[in-house]
Amino acid sequence: MTDDYEHFEAVVVGAGPGGAAAAATLAEAGVETLVLERGVDAGSKNVSGGLIYAEESAPYTIDSIFDGFREEAAERPISEYYIHNLAGEKVKTFDLSDIHHHDTEWCDAVLRRQMDSWLAERVHEKCRDTGGGLLTEVRVNGLLREEGEIVGVTCDEIDPITADVIIAADGVNSELARDAGLMDWEEPDEWFQGVKAVVDMDPGAVNDRFGVESDDGVAHLFSGDLFQGVRGGGFLYTNEDSLSIGTVFHLDSLTEEEAEPHELLDSLLTHPLLDQWLDGEYHEREYSAKLVPDSKKAANPSPHQGRLLLVGDAAGQMQAQGPIIKGMNHAVTAGGLAAEAFAEAKSRGNPDSAGDLYEKKLVDEGVMAKLRPQRYRMTRTLSESDLVTKVAGGVLDSAVGRAGVKLFDGAIERAFNSPFLLGMIPDTRTSYVTVPRVVGEVLGERIDAENTIEPPELDDRIGDLTYDVGDPHIELVDNSFAASGAAVAACPVSAKDFGGGCYREETVKTNGSEEKVVSLDTQPCVECGTCAVVADTEWEHPAGGKGVEFKDG
Amino acid sequence: MNTLVLTKGVPDFREGQVSFDEDGHLERGKTPTVMNPNDKFALRAALQTKVRHGGTVSLMSMGPPGYKEILQEGMRDVYADDLYLLSDREMGAADTWATAMTVATGIEKLEETPDLVFAGFKSADGETGHTGPQTNWCLGWPLVTHVIALDIDEEAGRLRAKRLVKGDVEEIETVEADLPAFVVTDPEFEPTYRKAEHRLKHKELREKTQRRAEDYEDIVTVWDHEDLNLDPDYIGLDGSPTIVSGVDPIPKAPSEREATTVTPDDEEGMRNVLEEMEPFAAGD
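Note that the protein sequences, when read in sequence, are chains G and L. Once you know that position 257 of the first sequence is 257 in the numbering used here, the rest is easy, because the numbers rise by one and skip nothing. Take the position in the second sequence, starting the count at 1, then add 1000; the result is the number in the numbering used here.
Just so you know, the hints here were simulated from the structure itself, not pulled from any lab data. All values reported here derive from a predicted model rather than from experimental measurement. Misleading hints may appear alongside valid ones.
Below, simulated DSBU-like cross-link-like pairs (lysine-lysine); rule was C-alpha separation at most 30 Å, straight line [stated by the list, open to error]: (1) Lys551/G to Lys1030/L; (2) Lys546/G to Lys1201/L; (3) Lys546/G to Lys1203/L; (4) Lys1203/L to Lys551/G.
Covered stretches of chain G (chain L as the covering partner; in silico rule of three or more C-beta atoms under 8 Å from a C-beta of chain L) [claimed, not checked]: (5) 38-47; (6) 131-142.
Ideal placement from N, C-alpha and C gives every residue a C-beta, glycine not left out.
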């Protein structure tokens, strides 16, 4: 029956860094490779905070696969790395250069539309030589099975395609990983949600205000008491002629506090500390959002099934341990390893063993140890218990704790720079809020500045995004407030008492009683996937070329 | 599979582009010339044929030398390989009949007879819809009009087409015809590319054409009446049997109702407005 279908040796779904690395490596090995990307252009659906690392210990780096990447596709190299512990208007800054440079060959700031479309051009050329190529505006919507076995993919825009290997690099909301039962949207504590503003800044102003040369850049992280107690933090990275400023929070914490992501971003943008860089000027180029898997919990230790191999966010391969935030580099490595595994399996005459080989390579190359550190798993039960959080918080805030912080000033900075200790950081309020706040209060200096900038309102942010509205791609299964109400605040393009977003709270009167329900309009959706986790929905991506189009990402 | 698309330059009738004088006559000098909008559908059908079956696409037009730009525009859309312009003062002011004679002679002069000739459904200026069928009358091929979908069986040398037959009951008719054939596309024509291979081909053709279209003048072949061995008495104004007895300006759309202006502070006026609207609010 499947004999009539088109066949390619390899189908790669998604043209981000993971898909690009996989496809290029497959093509180098002479494998006929077809890449399917649903955006109008590679990168138009992709958002990231904005730093890509090349690790010394990694078998693949983006520039080892794509010549000229740093010169042509990246923004500024990031050579300095700081964290600011904020308490009210006091700040204590630690230099995190040691951890930033640990195992780092280089690190560059990137904007994904520019980066991914550059990669896609090269991927297309390499794949053309094998008889394949890269197509945009094609949405892969599921797996093609024959007698229960995965044999290919099904798409909205083209007929089903069979393949000997399917590499799903279709991102954090991977429809293929879910179709295979390798990922779900059940647990909010497995996810972070990030929102970001790309802010215009003249290259000369970037140099002056950040004290860097024109071919150099800097990264700043922010934590402490500026985010209404929500667990997470902020970042600021310098691009060529813009800044990427964003916030990332644990999704469970965000929903518990019923916090509005765009307001938390605004808390960072309007903090007095940022005045030294913004200098009263603010022009937001783009507002964007994305879910981020927490690899400590979500990285799939066995990310394959039959002919399907998952790479990058689709496999939960996003490392976020305190100030270490690495995703794209692991996606690149995983893409390279998945491709290598298939090429080897094929040459041994047993292509079906690619998945097992890939899993082994992830372990042998040390990827899994970075994504799911054993130290975290061992200490988690204890360190994330409510009692420990309470006691630790209490002690830190007490006179004893404060004296300790004062005494161990240097030691704290060293601890922040220790990859060993960072691997154990518990996901609790202590690490995200209490420690930075107490550090800021006890050791910090007062910031003598006034930040007068006014970030755009949410409806302006939505209005500035580009959409090609297609059919609604999310269906609200249960519209009761109990089941889906959390989405009103947590959705980055919705807010309480705001009518122009995706999710709205409504009161319906029936037979004399009042009921709070939720309504959904997918028109301004940024496809982050937040509501798939926090609300009861049937969640799919829009058709190829439809939905939001990021210009920077 | 080699195909040819016939195209025509017409005044750009879009709002903001077109210019009329006080008497309602078109001001040709002030109105830009663009490709006849309906020809886009013929281009789509030709491109679909090229992507699915390979071969070449050529574009042909009759008109002044400035029409080369129309051909370039079409080239970018259809990824054309060759462009032909039939251009000569003797060909000027031709009616559909003289145009058809000239164009059919151009087609016959082509080194290789195309398997398919495509034309759009009527031009935006003349609106007769005659030139395509009359050209085909000269060629004597099977003619399939109002085509909305097209399939070609290369081995059998036949086409299958869906025709949109309009009437009180709209219906779709499927017809077959031997190649070479003449196809007039309907504005409802939708190309489909359901195979990855076709989309990859499409992308490759687009990239190649972008580069070639920069130097499009190099690939335009211009033929005058001598090249086509045509007697000036049978082409252009002299060869046109149509007699235009008079020209009426385009009438303004008649208004069925009279407009009344009501200001918000005119209480009685506003009440009248509400009363007028009432039946519509009730759904009558």
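Against the structure, the hints:
no.: 1; hint: Lys551/G to Lys1030/L; result: 38 Å, violated
no.: 2; hint: Lys546/G to Lys1201/L; result: 22 Å, holds
no.: 3; hint: Lys546/G to Lys1203/L; result: 19 Å, holds
no.: 4; hint: Lys1203/L to Lys551/G; result: 22 Å, holds
no.: 5; hint: 38-47; result: violated (count 0)
no.: 6; hint: 131-142; result: holds (count 4)
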